[in-house]
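Construct the complete structure from the given sequences, taking the supplied hints into account.
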Amino acid sequence: MVWHIFKKDWKLLWTFVASVALVHWISVVIMHQLGLFGENPMLEMLEDTVPMLAYFGSMFLIVAIVHLDVLPGVRQDWLVRPISRRALLLEKFLFVIFMVETPVLLANLFQGLSSGFSFRASLLPALSKVIYLLGAFTLPLFVLASVTRNLTEAFIFWCGCAVIITTFQSFVGYLAELTHGTLTPVTWSGIGWVGELFRIALVIVAASVILGLQYFRRKTIQSRFLLVVFGLLLLTSQFLPWKPAFAIQRRLSPNPLAGANTVVGFDPKAEKFRLPSGVSATSESENGSRGARENENVVFLPLRIAGVPVDSVLLTDRVEVRLLRPDGVIAYHGTGESLEVKREAPIPDGAPSYQTLKLPGAVYRAMKNQPMRLELDYSLTLFGLTKSFSIAALGGDERMPGWGWCQTKINDVGTAIELRCMQPGKGPTCGTVFLQNDATGQRNPERSVCRPDYSPYSGRFGADDIARFGVNLPFRDAAGLAHFPIDGPKLSQSRVTIRSFEPETHFVRSLVIPEIKLQDWEGQ
Amino acid sequence: MIRTENLWKKFGRFEALRGLSFDVPVGSAFALIGANGAGKTTTIKVLMNILTPSRGHATVLGVDSRRISPTELAQIGYVSENQDMPARLTVGEYLNYLRSFYRRWDKELEASILRQLRLPLDRKISDLSHGMRLKMALMCALPYRPKLLMLDEPFSGLDPLVRDEFMEGLLEQAGEMTILISSHELGEIDGVATHVAFLDEGKLLFQESMNDLTGRFREVRVTLEAEAAKPGVMPNCWMEVRTLGNLLTFVDSHYSEKDLGEQIRSRIQGVRAIDSQPMALRSIFITLARATRDSSA
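The listed protein sequences correspond, in order, to chains A and B.
Here the first sequence is numbered in my numbering, starting from 1 and rising by one per residue.
Here the second sequence is numbered in my numbering, starting from 1 and rising by one per residue.
Keep in mind the hints are simulated off the structure, nothing from the lab.
One or more hints might be untrue.
As the list claims (entries may be wrong) - From the derived model, a few chain B residues whose C-beta atoms are all more than 12 Å from chain A:
1) Met1
2) Gln116
3) Lys203
4) Leu205
5) Gly215
6) Arg242
7) Arg265
8) Gly270
As the list claims (entries may be wrong) - Straight-line C-alpha distance at most 16 Å; calculated EDC-like pairs for lysine to aspartate or glutamate:
9) A/Lys11 to B/Glu93
10) A/Lys11 to B/Asp122
11) A/Lys387 to A/Glu398
12) A/Lys358 to A/Glu177
13) A/Lys387 to A/Asp311
14) A/Lys7 to B/Glu93
15) B/Lys107 to B/Glu93
16) B/Lys203 to B/Glu15
In this text, a Cβ means the ideal position worked out from N, Cα and C, and glycines have one as well.
This is the structure in structure tokens:
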């Protein structure tokens, strides 16, 4: 029975299916043609629009597939035919998998293979992507289509949802400003995947309930009501609190004891932070409230971070800041800036790190002279060195397992080496890159390419499932003020060294400063 | 074959069916008659489990209508004036598609009905006229020899030629089939229906075999010696009583040849002649509809 319905749907939709698949393939071909450096302006223009078009096409295709045997209504011929509802639901699901998801899978597999990656390295991220798309894109649209009668109704419903989501997000953005980043802590962080998985789980539950209700009982009004309820739950899921989400991440630490000796302490004897010449500690920042602008004061707390193993990078995923008055009342609750501490063998341990706190001007002015209690809750990730690679500084072209395929070239103005890499999946999480002359041992200052994303899967919207990343390594200052150990003439004997770091452990530390005057720690 | 008991269907506050109870005997051609909005289509959709009743219950082929499964649907043919079939498939493609769902699908019968209804196999369903679509719906309902055929306003908007073709196609295949047909046009079911039920505003006014119905209704003309006047006391079964000169006319809804003369003479003096004529179904329907309207006014 499933096969008969499948054949009918194919007969009715094959042109649409082929067109959408073609657009997906075109977007992958564009990405392939752009290569690592993406220097074709025409293709660069199409790089964003064609994938968007492909996703729009998929969206309408999913709705069209479900609407071939529409559920709401009393006139459909299939309702009076001996067609099992279970078979119909299964057929629709399989049709969507084969006709919407499979072309995306194949296009991504092709992209990986044609970029020179192995079958396994190309297939697994492509599979991960289509599974992600199933939960984050296909199933919600399937459900939406099942509660609507036709494309117009689905489009109106979709527009309604878009308006509600946009309004809600604007409101959340406004509240997030007021709460200094404490309202939606997990979103856009390295553990954002916890919230994302929670949302996908919610989508699966919603889809099971609503599709069951629609296909087996055809209760459209109840289904629409549930769709709205689940939609609101999805929206509110961005308020997922940090602590339980980070606790999940901690449990997934590959080497939980790696950070056991790491200590974060306040170092009041350390030198005050000196701002680069010409930069003021008071910076203007946009205040979301009613579009007004408000001064922000920046405080730099000297910290002594000890116990970070050699060849490691310590990254703060989140710093929760509480300033309390002597009577215990919280005067400010917000988040601090991210901190990165590297301990590489050639660099001596012991230099202080500075925790940056951006405080609203009004808060700062009211408290700067008062003795305050400061509480800092750190959520940290310790990265361990996994591999080192090197690639020729000029015209390098290397495939580095665990890091990806990279190429190097001098930028157009001749001031920096451009390192551009790609890897199927989400790419490496953290690395440091520097120019080094193997013969002399000289090296230029390193650049960090840490993009904390601890998700155990790769999945995102986009033309393909290949992560593209890179960094520019300066070797010449156009103004002639700075001098680099490795400059133009030495480039031919130099290589770009890449040190790849992977998370070893996630842990928390608390720092309490019983009494502090903020004005003592303004930047100089 | 079909039984409904105290069937109610509400759409919000509107009561489309109000305690409907009727039986469709096996092998009958049961006509559900009523004006537009009387609840005929709702009744059929409830019987087909397209709509769920608000109260009461119905059984079709011995199964609760809420639990009708593909097993029962494989034995039911359904034709409706507004049936949405896949518009972009051709007639032939759709027949091919449906064939696989019915184990009892008879290809020879299909070919014979196709010839009879003269449906173009290669034309898309969206390109068919209203009449052709109805024929198409009938075409899709007959080749598996259903035990029960439900026709919801099948003649609506059909020209006489297509209607006759449709009826020929239907009657030729009817055989032992039980047919439930809804219509607001009495002429359409005259000569087809063996039983009739009259629906008004969701209520069943009566259910009867056609023989009994046409047998008990008579148009009676009483010629009097003097100017006619309506009698003070009349039996309930006298409907639409009118006078004109020395003529008194009425419709007797419980006609008995034996008792009619005595009934009249006991109430009216100076009867010169009594004449009773059988009534057409349309006249019976109109009489009943007026009586209902008057009683509810």
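Open item on the list: Need the list of violated hint numbers for this structure, in ascending order.
Closed with: As far as the earlier hints go, not one is violated by this structure.
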